[in-house]
Amino acid sequence: MAKTYDYLFKLLLIGDSGVGKTSILFRFSEDAFNISFISTIGIDFKIRTIDLDGKKVKLQIWDTAGQERFRTITTAYYRGSMGIMLVYDVTNEKSFENIKNWIRNIEENASADVEKMILGNKCDLDSKRQVSKERGEQLAVEYQIKFIETSAKDSVNVENAFYTLARDIKAKMEKKQEASNPPGARGGTHQLKATDQQRKPTSWLSRCSIL
Amino acid sequence: MNFQSKANKYVCPNDRQLSLRAKLRTGWSAARSEPPLTSAEREAIADVVKRAEKVEETEARRIGRLVARLEGMRRSAQGPTPRSCVLCGETSRLLAPLRVCFMCRNSACPKCIIETPPHKQYMCNLCAETREMWKKSGAWFFKSLPKYVLPERKTKYNDTEFSRSLQEAGNSSNEGKSDSEPSSPLSLHPPMFSRQPSSTDSRRSVSISQDAHCDGETENLTHGVSGLSLHRTDSFSQRSFGLKRTGSKGSAYSLRSTRKDPPKPTQVERPPVIPDAGFGTLEIRLAYENGTSSLAVCVLRARGLIGMDMTGLSDPFCRLEVLPTEGTYSNRLRTKTVHKTKNPEFNETLHFFGITESDLNTKSLEIVVFDDDRYGCDEMGSATVALRECSKSPAQLRLALAGPSGTEPSGPRLLLALCYNTKRRALAVTVCRAAELPPQDSNGYSDPFVKIHLDPDPYHKKHKTSIKWRNLNPIWNEGFFFETRLTELSRQNLTLTVWDKDYGKPNDFLGSLVLGSSSKGRRLKHWMDCIKFPDHRHEQWHSLTDTQHI
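From first to last, the protein sequence lines are chains A and H.
Take the first sequence: its position 144, counting from 1, is numbered 309 in this note's numbering, and each next residue is one higher.
Take the second sequence: its position 382, counting from 1, is numbered 405 in this note's numbering, and each next residue is one higher.
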């Protein structure tokens with residue numbers, strides 16, 4: 166019997182070619198770094214099981230090719246993912262500007278309630294930096310997404326980023342379950358009636374489509 | 024655009040103009056930007072996909088275990104009564120008063136109810152477990168239960184055809200058995216829960232011990248399955264369709280067991296004759312005739328196909344096609360349908376004409392087994408065989424069928440969400456959206472709306488969505504309620520028809536969809552999920568059929 170786990174979260178890394186998606190994943194899954202650049206072919210995934218508040222969470226992290234020519238393959242994996250990391254390279258202005266396009270890409274292809282996060286990778290290369298941390302933060306505020314600067318080479322914030330995203334997904338899951346409950350009703354018959362009456366005016370039609 | 028006005032339009036435009044046009048992303052010059060994948064790349068991607076499938080499989084099995092556990096719990100529950108516990112049937116006592124679960128409004132004794140932390144509400148173990156399952160399976164995100172495989176109960180596996188078919192009989196019979204014996208070890212477990220709110224750890228240990236228990240049980244069951252199975256099948260087929268909470272199990276099982284058998288210890292010792300992915304096998308005979316340059320394919324029989332309908336049987340037929348096709352000319356042939364069987368004898372010879380000898384080396388024959396259904400055909404498995412096989416002396420082949428490729432339907436389709444609301448005693452049907460509807464108006468669009476009714480419905484209620492003008496991919500998100508009992512649902516059919524609104528002439532029909540316990544495949548699974556897990560929203564895409572059923 167395989168090792169059991171409580172939850173399976175599917176994550177996805179997207180961003181321009183060469184920003185270090187594979188390196189981030191390699192650092193997170195194997196805690197290693199490879200200086201040479203090997204372009205990802207289409208898609209790949211790695212698995213790591215982490216512990217969140219006493220629950221075993223298996224993360225299946227999909228690494229996508231940034232190259233345009235694999236776009237049809239990679240977009241097919243958007244829909245199934247619960248969390249998406251948008252990666253840009255702080256030494257590459259263009260990759261930062263493209264984040265907006267990637268977000269649009271997500272909106273078109275991924276589920277509406279996917280958890281997102283922006284990573285500014287290669288923050289160890291301060292001398293070559295083209296995108297300041299403030300600009301990254303500003304973009305994140307604009308889109309209401311969490312932002313973190315990472316370095317796969319020096320292992321800065323990589324673990325942190327994945328744990329944060331996983332924790333956000335888990336929190337969303339708990340919240341969703343709470344939301345699917347009927348409101349009120351603490352037991353006791355007289356209270357029950359009161360809540361029943363309260364609930365009637367709220368249109369169950371609209372509630373159903375939100376659920 | 025005034026590209027042409029500057030130059031002679033019979034001369035090929037220069038490079039600059041071509042690149043300008045390519046930027047517009049229209050016209051033929053845009054298409055060459057993406058070179059096709061090389062074979063090495065394709066292989067690498069296929070490798071990853073294969074790896075992902077393996078992960079998916081363990082996940083499906085894990086979810087299957089969760090589902091089985093919940094199912095066992097449901098079976099062993101006493102049922103809602105006003106003065107006793109819904110789970111264990113315990114009546115109210117001074118030190119152990121019954122409390123009301125805020126989810127299902129049933130009362131339960133303190134042993135079977137937990138206090139949930141945020142609002143100090145009481146939730147019975149059944150609701151708690153359902154919710155846990157919803158979280159653990161990922162259904163909270165995907166809005167319906169993902170694919171799952173229920174745990175296998177027996178491990179007997181034999182070589183000969185006879186014992187194999189026997190085993191299949193055992194498949195359904197085993198289900199019959201577990202239905203009629205509520206005291207199976209699986210269902211004994213739930214009362215063992217500790218009721219503290221902080222029971223996460225104990226819960227996990229229970230689930231682990233249960234797994235161990237399951238394995239132990241399979242060991243015990245290995246003997247005696249065959250003896251049991253023969254007479255059991257009869258009783259199973261005689262069983263009426265009046266499924267209540269448990270009756271649905273048999274069908275659901277036969278559906279879900281489609282994926283792959285979990286690795287069995289006995290299999291390692293003695294591999295079966297041909298590798299079988301759990302979708303059955305197909306026997307064909309190929310013969311090529313030089314004189315008429317025709318290929319005769321004799322489809323002999325299939326064995327061990329997956330079950331698609333309530334009784335676990337299917338109505339299979341095969342569609343054959345020689346690939347790659349030349350031009351637009353497609354030569355698809357199909358066999359006759361063999362009804363109500365998982366082991367059909369086709370014995371039918373189909374002839375492909377115009378196959379040259381050089382084709383034999385390059386082309387291949389694709390055979391897809393479909394389940395015949397009035398409301399659209401579901402793929403049950405497929406196999407591909409290279410045509411050069413027919414040059415070998417005994418051209419009779421046994422092929423292992425691979426599973427259906429695409430999980431999501433394509434073409435005209437409808438996203439539908441079902442949720443049985445136990446408090447309202449009504450089925451909530453949400454018509455979310457449709458996609459790729461056929462255009463019916465001269466402007467290249469349709470003005471679609473959906474009519475919905477439940478059949479038979481004592482209230483004779485019919486609903487209509489609003490009309491989405493000039494839209495082939497409309498989004499409605501409109502919900503409707505049908506008052507019905509949960510037990511009635513298994514006898515009712517939900518019919519949805521999509522229409523194109525026209526003024527001054529009859530509305531055009533765009534497509535239809537029927538869900539019910541008499542439907543098959545995806546539609547049956549959706550319906551059964553809705554019955555088995557009330558108060559949860561089940562969302563699924565369905566393809567629309569173009570035939571009108573009234």
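For the record, the hints were derived by calculation from the structure and aren't laboratory data.
Every residue, glycine too, gets a C-beta built ideally from N, C-alpha and C.
Heads up, some of the hints might be wrong.
[Claimed, not checked] Below, in silico cross-link-like pairs of lysine-lysine (DSS-like), each with a Cα-Cα straight-line distance of 25 Å or less:
(1) H:Lys170 with A:Lys341
(2) A:Lys298 with A:Lys221
(3) H:Lys474 with H:Lys524
(4) A:Lys340 with H:Lys166
(5) A:Lys337 with H:Lys158
(6) A:Lys340 with H:Lys474
(7) H:Lys487 with A:Lys340
(8) H:Lys487 with H:Lys528
(9) H:Lys170 with A:Lys335
(10) A:Lys223 with A:Lys337
(11) H:Lys159 with A:Lys341
(12) A:Lys335 with H:Lys158
(13) A:Lys220 with H:Lys474
(14) H:Lys77 with A:Lys340
(15) H:Lys46 with A:Lys220
(16) A:Lys223 with H:Lys143
(17) H:Lys143 with A:Lys337
(18) A:Lys335 with H:Lys46
(19) H:Lys46 with A:Lys221
(20) H:Lys158 with H:Lys170
(21) A:Lys211 with A:Lys298
(22) A:Lys221 with A:Lys259
(23) H:Lys158 with A:Lys259
(24) A:Lys221 with H:Lys524
(25) A:Lys223 with H:Lys524
(26) A:Lys220 with H:Lys166
(27) A:Lys223 with H:Lys158
(28) A:Lys220 with H:Lys158
(29) H:Lys528 with A:Lys340
(30) A:Lys211 with H:Lys487
(31) H:Lys143 with A:Lys211
[Said to hold, decoys possible] Stretches of chain H that chain A covers, calculated by requiring three or more beta carbons in the stretch to come under 8 Å of a beta carbon on chain A:
(32) 77 to 88
(33) 151 to 161
(34) 511 to 517
[What the hints assert, rightly or not] Chain H is faced by these chain A residues, among others (derived, beta-carbon under 10 Å):
(35) Ile212
(36) Arg213
(37) Ile215
(38) Gln225
(39) Phe235
(40) Gly245
Contradicted hints - numbers only | 2, 6, 7, 13, 14, 15, 16, 18, 19, 21, 22, 23, 24, 25, 29, 30, 31, 34, 36, 37
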